[in-house]
Amino acid sequence: MEKDIIIAGFGGQGVLLAGEVLANGFMIDDKNVTWYPSYGAEMRGGTVNCTVVMSDDDVSAVQKSQADYIIVLNQASFDRFEAGVKKGGTIIVNSSLAQVKKSRDDINYISVPITQTAHDRLSNVRMSNILALGVFARVSNLVSLETLEKALNNVIPPHRKALIPKNIEALKLGYEYDLLKV
Amino acid sequence: MATQVFKIADTFRKDVKYTFCPGCDHGVAVRLVAEVLEELGLKEKAIVAAAIGCSVTIYDFLNIDALESPHGRAMAEATGIKRARPDKFVFTYQGDGDFASIGLAESMHAALRGEKISAICINNTTYGMTGGQLGPTTMVGQVTTTSPTGRNLEYYGYPIKVAEHIALCDGTAFSARVSLDTVANIRKAKQAIKKAFEVQLKGLGFGFVEILSSCPTNWKMTPEQAHDRVRNEMMQVFKPGIYKDITEKSGK
Amino acid sequence: MAVECLTGKKVLIKGNYAIAQAAVNAGCECYFGYPITPQSEIGEFMSGKMQELGRAYVSAESELAAINMVLGACSTGVKAMSSSSSCAVALMQEALSYATADELPVVLVSVMRGGPGLGNIYPSQGDYNQSTKGGGNGDYKLIVLAPSTVQECADLTYKAFYLAHKYKNPTVLLADGLLGQMMEPVEFKPYPYPEIDNSSWALTGAKGRDGRIIRSYAPLADRQCEFLEKLYDKYKKIEENETEWEELNAEDADVVLVSFGSTSRNVNSAAKLLRQKGLKVGTFRPITLFPFPNNRLAELSKSVKKFVVVEVNMGQMVNDVKLAVNGRVPVELINKGVGTPPSPEEIAAKVEELM
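Chains as they are written, first to last, in this note's numbering: chain Z, 475 to 656; chain P, 2 to 253; chain D, 562 to 916.
Keep in mind the hints are simulated off the structure, nothing from the lab. Here the structure is a predicted model, which is why all the values come from computation and not from measurement. Incorrect hints may appear among the rest.
As the list claims (entries may be wrong) - Computed spacing ranges between beta-carbons, pair by pair:
id, chain 1, residue 1, chain 2, residue 2, range
1, P, Gly132, D, Ser623, 24 to 30 Å
2, P, Thr248, D, Ser620, 25 to 31 Å
3, Z, Arg595, D, Gly696, 55 to 61 Å
4, P, Ile247, D, Asp783, 49 to 55 Å
5, Z, Pro639, D, Arg857, 55 to 61 Å
6, Z, Asp580, D, Lys571, 34 to 40 Å
7, Z, Lys635, D, Tyr778, 55 to 61 Å
8, Z, Lys635, D, Lys750, 24 to 30 Å
9, P, Ile247, D, Phe788, 23 to 29 Å
10, Z, Arg595, D, Glu907, 41 to 47 Å
11, D, Lys571, Z, His633, 38 to 44 Å
12, D, Ser620, Z, Ser529, 35 to 41 Å
What the hints assert, rightly or not - To be clear about the criterion: a stretch of chain Z counts as covered by chain D if any three or more of its residues have a C-beta under 8 Å from a C-beta of chain D, and this derived list gives those stretches:
id, segment
13, 495 to 507
14, 533 to 543
Beta carbons: idealized from backbone N, C-alpha and C, even for Gly.
Okay, chain Z solo, but in the shape it has when bound (with noise of 0.2 Å):
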């Protein structure tokens, strides 16, 4: 079995981390595991985006045009994603900044609002991004909330230790998050 991921939105919405995050999990998992990022120049303001890969086997690419869950955290990042999920696939759409306009019938569409669960919840939307793992451990059954914070533990340096249970606090919330309301 090989999973793509792609995870989207803006400068300093943390996709990068929460890719990190994620990777370590599958890592944790033995799996095998790549993750890429956009990089260089495309840091500066525009949209970030990193591609996990997570296989059985050897990976067999390490950058993907398609991905079986793409989540995107921002309007601009919904735009350029949204044909790129394989026939089957999900995304998960960060419904506070972005409006899902569904154009495909092939794909389930995920809508959380994001952003306001953590402003609301957690009084900071900086913890959007782990939020999105939460969501994405529940919809896609690959990794367990567990696993994610044990990998938590793996990417959060040191002297940011403090801010793991609030990082685990957002996991939960993300994981819990009533998808049938919407």
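For chain Z, the structure is supplied; the task is to place chains P and D on it using the hints.
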């Protein structure tokens, strides 16, 4: 009883014949370097980064460890050596073309970083080994093979005053310009070289000496005429003196 | 980089950091560099780590200075390195030529980006020729190692230091922007190679011996010929001892896909797709670009009907494959000028067209 008044320094290789042109001041400069190395007891810990040009042959004369550097890069090589082996005594011996033209970036930045390196730059106002072309120190009006009607400012721009520029770098501990035109000045030159070496040994920073030097072959002069030119023309523009010495409280 | 890279523990890190950490583990005493995307993380990591360990790090004024500082440090026998990318590696060619003539164990990490000129910062394999043929003057060879995974970035960095010192020859780790920027799990092993005794040539001060000269200047033509013969004897030895490659299902293959570096991952996947269709396709990946696995390719050309070279440049390694195969069977090219490699599906489709 006979008294020894002159001795070839032990830092010299045995039975080496100078390959410099007759009357060239490189010979004197190399001898002074050898003597200072010996007097400071540095033979066993010295490593020289040799440059390109007439100065490269220093490793043929000195019996110390030497690395030949690409043109202009001696200061980078010296930086690498010193950083790898901070306990060694590291110096460069470069011409003005190597130090102040093709290697100016490396020279200035070594000084700015305050590398614990000593550098000797021979200024003879021309590219010697390639046959006397215009270099960074060629004087205004000077005729060379690439300034056939003389260095005019409109066309060629100004020569560089190296010792003054190096003195401006905050990492420089000592910067001086000396001349080899008289016995008295040769003695002063040796003192300056010693000082430039000592600031490294004390860990104070970059030590630098610019040596005004004759090039009778390319100047098409006799050795005496060449020293007259050093005295009457070069020393009027490239004024000998100590431009920076952080060991002197007055800091003149 | 947040993670701590202990040996024996899997960590997820970028290729650039894996290279830097491996260099530190290998005992690299000095790093000299100047930033350029997509390899700046190497210098950033080194600036902190080397200071912490009491080793040397210098932010050089240029790549020209950086590589020459490496020559200086290497002349004293220590392990030293620089890292850079395409247009800036171009600046270093003179020093690399000197380092071969001086027989200095220089290690250079070259993380390729798009060219020519300033080009762009995306992955590329456009400096295959730059590293294997050289842009410096005279007859010389660099040992060139091409990793295809982040794990190999680490392992081949170890090897680069070892081979550089074993053969006293500059050695290039040739990665690309994809490997430099991507993350993958890596397990760091301790430096696995023996330390090479440098005491017979290193510049350490002429204590109890005559001064040593490390030089390339040989004014007498005879001596230069003699030196070049000696140098090329060494290269022959390197070819005999160190040629390394990886092949998958090449023995019975009708078509063998040849690629190096990060492109090989997609090529292996493409071969898998083609095998699933019942086509007899194998893959071949030179790990050492010099020494190039000429003999093995020549051997394979007796059974293989066609070679297809896949590379992210306008066709550079393809010429070496042609030389190795020496006209026995056709050698085709699938390429892309710059960027991430063509997808496995694209490669597979093109290979089918060529079959």
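Each hint, compared with the structure:
no.	hint	result
1	P:Gly132 x D:Ser623: 24 to 30 Å	holds (29 Å)
2	P:Thr248 x D:Ser620: 25 to 31 Å	holds (28 Å)
3	Z:Arg595 x D:Gly696: 55 to 61 Å	holds (58 Å)
4	P:Ile247 x D:Asp783: 49 to 55 Å	holds (50 Å)
5	Z:Pro639 x D:Arg857: 55 to 61 Å	holds (56 Å)
6	Z:Asp580 x D:Lys571: 34 to 40 Å	holds (37 Å)
7	Z:Lys635 x D:Tyr778: 55 to 61 Å	holds (58 Å)
8	Z:Lys635 x D:Lys750: 24 to 30 Å	holds (28 Å)
9	P:Ile247 x D:Phe788: 23 to 29 Å	violated (45 Å)
10	Z:Arg595 x D:Glu907: 41 to 47 Å	holds (45 Å)
11	D:Lys571 x Z:His633: 38 to 44 Å	violated (23 Å)
12	D:Ser620 x Z:Ser529: 35 to 41 Å	holds (39 Å)
13	495 to 507	holds (count 5)
14	533 to 543	holds (count 7)
Of the numbered hints stated above, those contradicted by the structure are hints 9 and 11, listed in ascending order.
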